[in-house]
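Novice: Chains A and B, in that order, give the protein sequences. Sequential numbering of the first sequence, starting at 1, is according to our numbering. Sequential numbering of the second sequence, starting at 1, is according to our numbering.
Check the hints yourself; a few may be wrong.
Keeping only pairs whose Cα atoms sit at most 30 Å apart, straight-line, the calculated DSS-like set for lysine-lysine is [to be verified]:
hint, chain 1, residue 1, chain 2, residue 2
1, B, Lys62, A, Lys41
2, B, Lys83, A, Lys41
3, B, Lys78, A, Lys40
4, B, Lys71, A, Lys68
5, B, Lys44, A, Lys56
6, A, Lys40, A, Lys56
7, B, Lys44, A, Lys57
8, A, Lys56, B, Lys11
9, A, Lys41, B, Lys11
10, B, Lys78, A, Lys68
11, B, Lys71, B, Lys44
12, B, Lys62, B, Lys44
13, A, Lys40, B, Lys62
14, B, Lys62, B, Lys78
15, A, Lys57, B, Lys62
16, A, Lys3, B, Lys83
17, A, Lys98, B, Lys71
Partial list, derived from the structure: chain A residues whose beta carbon lies under 10 Å from chain B [unchecked claim]:
hint, residue
18, Gln6
19, Gln38
20, Lys41
21, Ala42
22, Lys67
23, Leu70
24, Phe71
25, Lys98
By construction, these hints were calculated from the structure, which means they are not laboratory data. Ideal Cβ positions, reconstructed from N, Cα and C, are used throughout, including at glycine.
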Amino acid sequence: EDKVVQSPLSLVVHEGDTVTLNCSYEVTNFRSLLWYKQEKKAPTFLFMLTSSGIEKKSGRLSSILDKKELFSILNITATQTGDSAIYLCAVLPHNTDKLIFGTGTRLQVFP
Amino acid sequence: EAGVAQSPRYKIIEKRQSVAFWCNPISGHATLYWYQQILGQGPKLLIQFQNNGVVDDSQLPKDRFSAERLKGVDSTLKIQPAKLEDSAVYLCASSSVRQALTEAFFGQGTRLTVV
Numbered sequence: 001e002d003k004v005v006q007s008p009l010s011l012v013v014h015e016g017d018t019v020t021l022n023c024s025y026e027v028t029n030f031r032s033l034l035w036y037k038q039e040k041k042a043p044t045f046l047f048m049l050t051s052s053g054i055e056k057k058s059g060r061l062s063s064i065l066d067k068k069e070l071f072s073i074l075n076i077t078a079t080q081t082g083d084s085a086i087y088l089c090a091v092l093p094h095n096t097d098k099l100i101f102g103t104g105t106r107l108q109v110f111p
Numbered sequence: 001e002a003g004v005a006q007s008p009r010y011k012i013i014e015k016r017q018s019v020a021f022w023c024n025p026i027s028g029h030a031t032l033y034w035y036q037q038i039l040g041q042g043p044k045l046l047i048q049f050q051n052n053g054v055v056d057d058s059q060l061p062k063d064r065f066s067a068e069r070l071k072g073v074d075s076t077l078k079i080q081p082a083k084l085e086d087s088a089v090y091l092c093a094s095s096s097v098r099q100a101l102t103e104a105f106f107g108q109g110t111r112l113t114v115v
């Protein structure tokens with residue numbers, strides 16, 4: 001059965017800290033991996049990763065995929081209180097539009 | 001560009017009652033998704049529409065859940081009768097091109113509590 005596992009489940013840090021969120025997967029016919037940020041209820045898209053070793057970067061957020069070891073990490077540097085959210089990792093297999101989500105990592109950033 | 005609209009935002013019902021959720025996707029988006037997100041879990045796809053046709057409803061509990069997308073625009077998701085384990089956030093998302101999920105936009109969701 002396809003599955004996506006995220007760790008840690010929860011993380012509490014102070015502003016300015018750097019955090020690394022982990023996502024590992026076991027999926028048949030992997031196509032791509034996506035990261036979403038979920039504040040309150042609506043997930044918003046962050047990154048899509050398809051190739052190994054190529055870092056995607058957006059401001060203080062960056063992500064990379066390792067297709068050999070079947071995992072991805074999401075880094076957030078110089079965290080701010082506005083980064084507090086649930087970060088969802090999802091995998092998209094080939095021949096389907098059905099995203100397989102992990103349970104998410106709840107990040108809380110305190111001043 | 002207006003986002004995906006969902007209503008109601010919150011709903012509390014007793015078990016065995018019925019409930020319906022409404023979703024209005026972004027104008028022009030052909031693909032519409034309904035997800036169920038139970039507290040502490042990631043979203044799970046319930047049903048996917050392409051225009052007004054169903055593409056995937058393999059995880060929809062069809063004995064109690066139904067969904068329709070008349071005229072390929074708005075969609076409704078119904079639960080009848082509701083169970084306690086249906087308590088969750090129901091997210092609607094839409095995208096303009098099939099298999100281009102980076103373009104999927106989520107609505108604010110409906111939080112359902114079944115008591």
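Novice: Each hint: holds or not?
Specialist: Hints, verified against the model:
1. Lys62(B) - Lys41(A): 25 Å, holds
2. Lys83(B) - Lys41(A): Within the cut-off at roughly 22 Å; holds.
3. Lys78(B) - Lys40(A): The given pair, whose Cα atoms are some 23 Å apart, holds under the 30 Å limit.
4. Lys71(B) - Lys68(A): 44 Å, violated
5. Lys44(B) - Lys56(A): Within the cut-off at roughly 26 Å; holds.
6. Lys40(A) - Lys56(A): 25 Å, holds
7. Lys44(B) - Lys57(A): 27 Å, holds
8. Lys56(A) - Lys11(B): 39 Å, violated
9. Lys41(A) - Lys11(B): Holds: Lys41(A) and Lys11(B) sit about 14 Å apart, inside 30 Å.
10. Lys78(B) - Lys68(A): 42 Å, violated
11. Lys71(B) - Lys44(B): Answer holds: Lys71(B) to Lys44(B) is near 25 Å, not above 30 Å.
12. Lys62(B) - Lys44(B): 15 Å, holds
13. Lys40(A) - Lys62(B): Judged against 30 Å, a Cα distance of about 28 Å means the pair holds.
14. Lys62(B) - Lys78(B): Status holds; Cα separation ~10 Å.
15. Lys57(A) - Lys62(B): Answer violated: Lys57(A) to Lys62(B) is near 41 Å, above 30 Å.
16. Lys3(A) - Lys83(B): 26 Å, holds
17. Lys98(A) - Lys71(B): Distance of about 23 Å is within 30 Å: holds.
18. Gln6: 8 Å, holds
19. Gln38: 9 Å, holds
20. Lys41: Nearest chain B Cβ about 4 Å off; hint holds.
21. Ala42: Hint on Ala42(A): holds, closest Cβ of chain B at ~4 Å, below 10 Å.
22. Lys67: 18 Å, violated
23. Leu70: Violated, about 17 Å.
24. Phe71: Given a least distance of 16 Å, the restraint on Phe71(A) is violated.
25. Lys98: This interface hint holds because 5 Å falls under the 10 Å limit.
Going through the hint list in order, the structure does not satisfy hints 4, 8, 10, 15, 22, 23 and 24.
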